[in-house]
Amino acid sequence: MTKIKNPYLPEMATVKEIIQETHNIKTFRVVLNNEQRMKDFKFEPGQVGQLSIFGVGESTFVINSTPTRMDYLQFSVMAAGEVTQRLHALQEGDEIGVRAPLGNWFPYEKMKGKDVVIVGGGIGMAPLRTLLLYMIDNRDDYGKITVIYGARTPQDLSYSYEFEEWAAAKDMNLVLTVDNEAPGWDHKVGLIPNILLEESPSPENTVAVTCGPPIMIKFTLQALKKLGFEDENIYTTLEKRMKCGVGLCGRCNIGSSYVCVDGPVYSFAELQKLPNEL
Amino acid sequence: MAKYLKQDDLGSWLKELGKTYKVIAPVEEGDAVIFRPLTDERTLRIDRQATQGPKGVLFPACEELVSFKYGKDPEKPEKVTVDIQETVDAEPTLIFGSRPCDARGFDVFDNAFTKCSVKDSYYMARREQAVVVSLACTKTETTCFCNWVGGAPDGKGGSDVLLTPITGGYLVESVTDKGAALLDSPLLSEATGEHTAEAEKLLAAARESLREAPDFKCVPEQLYNLFDNMDFWEKQAAKCLSCGACTYLCPTCHCFNITDEQQGNQGSRIRSWDNCMSRLFTEEASGHNPRPTKAHRLKNRVGHKFCYFPDMHEGHIACVGCGRCIKSCPVALDIREVVTAAKECRLPEEETADD
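Taken in sequence, the protein lines are chains A and B.
Letter 95 of the first sequence, counting from 1, is numbered 95 in this note's numbering, and no numbers are missing.
In this note's numbering, each residue carries its 1-based index in the second sequence increased by 1000.
Computed list of lysine-lysine pairs in DSS-like fashion (alpha-carbon distance at most 27 Å, straight line):
1. B:K1022 to A:K5
2. A:K16 to B:K1076
3. B:K1327 to B:K1156
4. A:K273 to B:K1115
5. B:K1115 to A:K5
6. A:K5 to B:K1119
7. B:K1119 to B:K1178
8. A:K39 to B:K1119
9. B:K1069 to A:K5
10. A:K3 to B:K1022
11. B:K1069 to A:K16
12. B:K1178 to A:K3
13. A:K240 to B:K1294
14. B:K1115 to A:K3
15. B:K1072 to A:K26
16. B:K1115 to A:K240
17. A:K42 to A:K110
18. A:K273 to A:K110
19. B:K1115 to A:K42
20. B:K1119 to A:K3
21. B:K1079 to A:K39
22. B:K1239 to B:K1343
23. A:K16 to B:K1072
24. A:K3 to B:K1069
25. A:K114 to A:K188
26. A:K273 to A:K240
Read the hints as simulated data drawn from the structure, not as lab findings.
If you're wondering where the values come from, they're calculated on a predicted model, not measured in any experiment.
Kindly produce the complete structure, drawing on both the sequences and the hints.
Now the structure itself:
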């Protein structure tokens, strides 16, 4: 009998560190229990994984660490449903199941030699952080990097402990924004698409990558188009309800494209060809 | 080379095959005919289409994928550990008495589960050990439309052996090498020219009895064209109850859910059939649902079978025309009518242009 890999079998991993990012987002740094597997583990920036709490279920999250820093795999989780609530209850040292890497990734090879604009909203910064750190670690391969990251309030921004590192990278423009004025906030105030228009990055030899709530993505795409970005040079990641994560359970399709294998990363040009079912 | 099996020897042949295989066949269960392990206590029913096809033999309605057990590390009692085990339940199995449409359903499953980048190890383990002995249809029903979707009452796709009922017994033809091995039995004799002529005559009559197949070539493109025409889909879905009977009875529907069950410190990760006609199928944790109404969901079901699946699998339609979704639909929603309406629907701009 042919023995093939069981695509549903998670690997056991241990939570090494938990970071409270915001009131409802926690970051988990996990290491596979099998040392050799952890050493051999390969993934690409933008790929996702399924985290398991046995007895509760699995949910999909982006691996928001970078393959250039393989000390751990990092996942940021917003408490929303049953699995995420239980993930939030984890303690350092607890074991979880991991099925990763799954899905496609940001076209970081094609982006080489170009300027990059990253536009993130709320938890949508998680997949973008992966790409950002990857580019920081391969800094000379990319041109100017503009990061526009916003959230409702300063307390809703994740990864604030890293902003200094991001801002210090060569040829970097880090723009932070919140929806309303807040005590002690000395960055931008305003909605992300407006701030993007205000910053007005040149579309010339530039790739834009965006992720955030659907409404933010919608208006960010409009702003990018207004700035003159071509559909082929705009990328986003899509969220869908997923179960198997490997293109078999038939749940996350948009037409004949399965977000769990053909995505989560799509160019705006690719999205235009798919049925309108976001 | 065809063989002949006498009706009186069918039971003995199945008993003989039962030494190598677990034999699953359509048997009476109340008013229904269901595929179950064949035992002396059960009555074989192959004179009519089974209420439900045999897809569950290779893709169970509910199965354990992984078992897990929580424990304590004796070295560090404060630390909870989890032990997980994969569960694959596969044994040599003979599916007897499937109809050609049902057997073609396994072709769809093969495409979906074994020909993609990631393969379903559970389905594959069972499929490799399964042999399918189908029974050609010499009688058809008004709900049958296998000929519309590339099948036939004597279609061989997905089968290893095809039996055609003739006077006093069956014409037995092997379709695959796996099937040929089953014909190596002293209970079977060489078929005569009379046997094959009679079978061909009966099958020609069966083919003739089906409604003429419409040309479905333009259907995928038309379904894409109609994607945003919610008036069309709302009209088609108006009487649908979202009960999902169509998906559970369909020989090609293969969508599933994965859920966990736990009792005490141990439990199972379970895979079970799921139903795209249910609202919860695509509802996200945020509350957003890309298919919020039954019209959106019917559009996806029809689109998947006649448009998306053919897109992904070299034109292979994910419907075998068994007609169970029509026969068992509580409101008589007829997928043939939906596809035909889509095929014939003129888009609003076309209507305007002609006016």
